[in-house]
Amino acid sequence: MNKERTGRLTFVPLSKLKSKHINYPPPDPNGPQKLIDKLKFDRKFSPAFEQVFGKTLVCKDLESGSGYVRKYDLNVITTDGDRIDRKGALTGGYVDARKSRLDAIKSVKTKKAKYEQDAKAFTDGKKAIAVLEQKITEVAGQIEILKRRRLNAGGAWGQLMQDSMVLEREEDTLRARISKMEAEARDLEADIRTNTARKADYERELSSPMSRSLSDEEQRALESTGKQCERLQKALVEIGKEKAQFESRLNLARVDLNEGLRRRKEEVMAQLEAIGDIDAGDNAGDDLVGRTHELEALNRTIESLMTQVKNNDNELDSQQTKIHKLADQIDKLQTKQTEESRALSKQQKGTERYVAKRQLLVQRKDECTKQIRDLGVLPEEAFEKYINYKSERLAKQLKTVNEGLKRFQHVNKKAFEQYNSFTKQRDTLLQRREDLDKSAASIEELVQVLDQRKEEAIERTFKQVSKFFEEVFEKLVPAGRGRLIMQKRIDQDEDDLDEDEEGARPSAIDNYTGVSIKVSFNSKHDEGLRIQQLSGGQKSLVALATVFAIQKCDPAPFYLFDEIDANLDAQYRTAVASMIHELAESAQFITTTFRPEMLAQADKFYGVVFDAQKISTVRSITRDEAQMFVEREAQAQ
1 MNKERTGRLT FVPLSKLKSK HINYPPPDPN GPQKLIDKLK FDRKFSPAFE QVFGKTLVCK
61 DLESGSGYVR KYDLNVITTD GDRIDRKGAL TGGYVDARKS RLDAIKSVKT KKAKYEQDAK
121 AFTDGKKAIA VLEQKITEVA GQIEILKRRR LNAGGAWGQL MQDSMVLERE EDTLRARISK
181 MEAEARDLEA DIRTNTARKA DYERELSSPM SRSLSDEEQR ALESTGKQCE RLQKALVEIG
241 KEKAQFESRL NLARVDLNEG LRRRKEEVMA QLEAIGDIDA GDNAGDDLVG RTHELEALNR
301 TIESLMTQVK NNDNELDSQQ TKIHKLADQI DKLQTKQTEE SRALSKQQKG TERYVAKRQL
361 LVQRKDECTK QIRDLGVLPE EAFEKYINYK SERLAKQLKT VNEGLKRFQH VNKKAFEQYN
421 SFTKQRDTLL QRREDLDKSA ASIEELVQVL DQRKEEAIER TFKQVSKFFE EVFEKLVPAG
481 RGRLIMQKRI DQDEDDLDED EEGARPSAID NYTGVSIKVS FNSKHDEGLR IQQLSGGQKS
541 LVALATVFAI QKCDPAPFYL FDEIDANLDA QYRTAVASMI HELAESAQFI TTTFRPEMLA
601 QADKFYGVVF DAQKISTVRS ITRDEAQMFV EREAQAQ
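Per UniProt numbering, the very first residue in the sequence shown carries number 1; after that it's consecutive.
Hints listed in this document are in silico derivations from the structure and should not be mistaken for laboratory results. Where hints are given, some of them may not hold.
[As the list claims (entries may be wrong)] For lysine to aspartate or glutamate, the following EDC-like pairs were computed, each having C-alpha atoms within a straight-line distance of at most 20 angstroms: (1) K370 x E417; (2) K127 x E144; (3) K475 x D374; (4) K106 x D124; (5) K552 x E582; (6) K390 x D374; (7) K604 x D569; (8) K38 x E582; (9) K44 x E434; (10) K467 x E582.
[Claimed, not checked] Ranges of calculated distance between the beta carbons of each label pair, as one might list FRET restraints: (11) D42 x D85: 49 to 55 angstroms; (12) K346 x D85: 41 to 47 angstroms; (13) D85 x I458: 25 to 31 angstroms; (14) L14 x L430: 18 to 24 angstroms; (15) R373 x G125: 49 to 55 angstroms; (16) H525 x K604: 53 to 59 angstroms; (17) V609 x Q464: 42 to 48 angstroms; (18) G125 x V362: 35 to 41 angstroms; (19) K604 x Q464: 27 to 33 angstroms; (20) I590 x E474: 49 to 55 angstroms; (21) Q464 x E585: 16 to 22 angstroms; (22) L405 x D42: 41 to 47 angstroms; (23) I531 x T461: 38 to 44 angstroms; (24) L14 x L534: 42 to 48 angstroms.
Backbone N, C-alpha and C fix where the C-beta goes; we use that ideal spot for every residue, glycine too.
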């Protein structure tokens, strides 16, 4: 609280509170009443309540209350909420009598119960909605997962279609190669037949008897033909081998095409027709065998994906069914809430009618109770004797009794009751008087303790300031001496002595009348001069010494001095500047001066200058500029 400067708290023990005697006006039923009598509290807190509410009266209006304030020096409040302080302040306001606090409290309780009920229903509905929203979120998440799976399956289907197109192109390529190989095989067969015929011719010629009638040229042709025949036989053997290899490869390709690729193509096309039309890709494979294995893997993937899609569709259907069920439950809950709101509104209207009827009955009951109270104290048998009587009989007896009571119209029927009431009030007042006396004694004791502490604080503060004043004055005037003296009262009136004897002990502060200053500028042993005997410059120096002493006792964050060295001599100006420089370590000093001594100890300089429009402004300047300004002012003077 001290750090934030939000206020001050005072803690006082109840045992230290002692209430003083208060001069109240004499008791009057139609006059003012003490406010403390209207309060209900634990009696152990009486000293505190008397301290706060003891000097307050309750009056009917401001006119009568103002007289009691002036006569008895008490605070007064009226039944309308106005207040008259004994120091003269008036406060008040307006209260609408048509608005009853009891009715307001009843209305608040009713509204609060209704609010709690509605809040509970709202909370339950909100929880149910939160549960449903959570379930809907879970279902939506599952739907999103299924959608992603479906998209992934669609991508796999697209890849499978691309692979199918690649296989079709490979099939066409293989068919072209097979056709080419068949044509080559037919050419080779024709060559084989031709060479076979030529071979047969050559063999027949060889088997015929050789004649020596061949010429040399024919003999060379025959030898070359034999060599050519051997070459052709070797070529025929090689061609036969190649033919066999080509036929084997052709048969294998046909088998693979007929038994493997075509069947897989039919299966893939059947699956693709079941999945849907998807655009074909552009990539081709490298070899048929690798693509065949890859196609088989893709077929297995498609089958698993189809199974997952089917399962996901089933799960999606079940989740959608759950969502529909939850939506139906929400609709039912909202319908139920609407019906309950309507029923609650009907009950509220019925309750309002019952409350209005109850108020009428309570009013009638109060009237009857008032009439019974006017009769005085009734015997106990009056509440039980006539319970079983009929209303006609009671009316007749009431008429008879009323006629008999006419003889006693001038008799005070409440005398005994009033006597008992006044006796109880007297006892209560006596008890309160004792409590007030005890409270006054405790408060007086507390006041004495506080006065003693105040005296000690004042004396302690004066001693500190006096000590610092002597130290500061000695620094400012090394050849002199200064003292602070507490002025005491010499003569006391006889009335004051009598009051001290009758009341508490006299306060030591009451004996002090003020503070005086004695200073000597030339000697440390002279008695010194009082402040009235000093010159203007000496008074200024003494005032500065007092300010510096207080600053040491209770430092402030900064000080603002306006030409404090104007009336000082040069040596005193130098001493004051040195003192300010010394104290500037713990505080900030802002001074205005036309003397050079103060500039020697300053840290920052500001000058006031005028522009062409004669408008003054403040700007930062250097020490040299400040020195030149002071010298110009001194020369001008």
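Structure-based check of all given hints:
1. K370 x E417: Holds, at roughly 16 angstroms.
2. K127 x E144: Violated - the C-alpha atoms of E144 and K127 are around 25 angstroms apart, more than 20 angstroms.
3. K475 x D374: Cα-Cα ~89 angstroms, so violated.
4. K106 x D124: violated, 27 angstroms
5. K552 x E582: holds, 11 angstroms
6. K390 x D374: violated, 24 angstroms
7. K604 x D569: violated, 24 angstroms
8. K38 x E582: At roughly 63 angstroms apart (the allowed maximum being 20 angstroms), E582 and K38 break the hint.
9. K44 x E434: holds, 13 angstroms
10. K467 x E582: The given pair, whose Cα atoms are some 18 angstroms apart, holds under the 20 angstroms limit.
11. D42 x D85: 49 to 55 angstroms: violated, 28 angstroms
12. K346 x D85: 41 to 47 angstroms: Cβ of K346 to Cβ of D85: about 55 angstroms, so the range 41 to 47 angstroms is violated.
13. D85 x I458: 25 to 31 angstroms: Distance hint for D85, I458 holds at roughly 29 angstroms.
14. L14 x L430: 18 to 24 angstroms: Holds, since L14 and L430 (Cβ atoms, about 22 angstroms apart) stay within the stated range.
15. R373 x G125: 49 to 55 angstroms: holds, 52 angstroms
16. H525 x K604: 53 to 59 angstroms: Distance hint for H525, K604 is violated at roughly 42 angstroms.
17. V609 x Q464: 42 to 48 angstroms: holds, 43 angstroms
18. G125 x V362: 35 to 41 angstroms: 37 angstroms Cβ-Cβ, so the 35 to 41 angstroms window holds.
19. K604 x Q464: 27 to 33 angstroms: holds, 31 angstroms
20. I590 x E474: 49 to 55 angstroms: violated, 26 angstroms
21. Q464 x E585: 16 to 22 angstroms: Check passed, 19 angstroms falls within 16 to 22 angstroms.
22. L405 x D42: 41 to 47 angstroms: holds, 46 angstroms
23. I531 x T461: 38 to 44 angstroms: violated, 20 angstroms
24. L14 x L534: 42 to 48 angstroms: violated, 53 angstroms
Hint compliance for this structure: hints 2, 3, 4, 6, 7, 8, 11, 12, 16, 20, 23, 24 are broken, all remaining hints hold.
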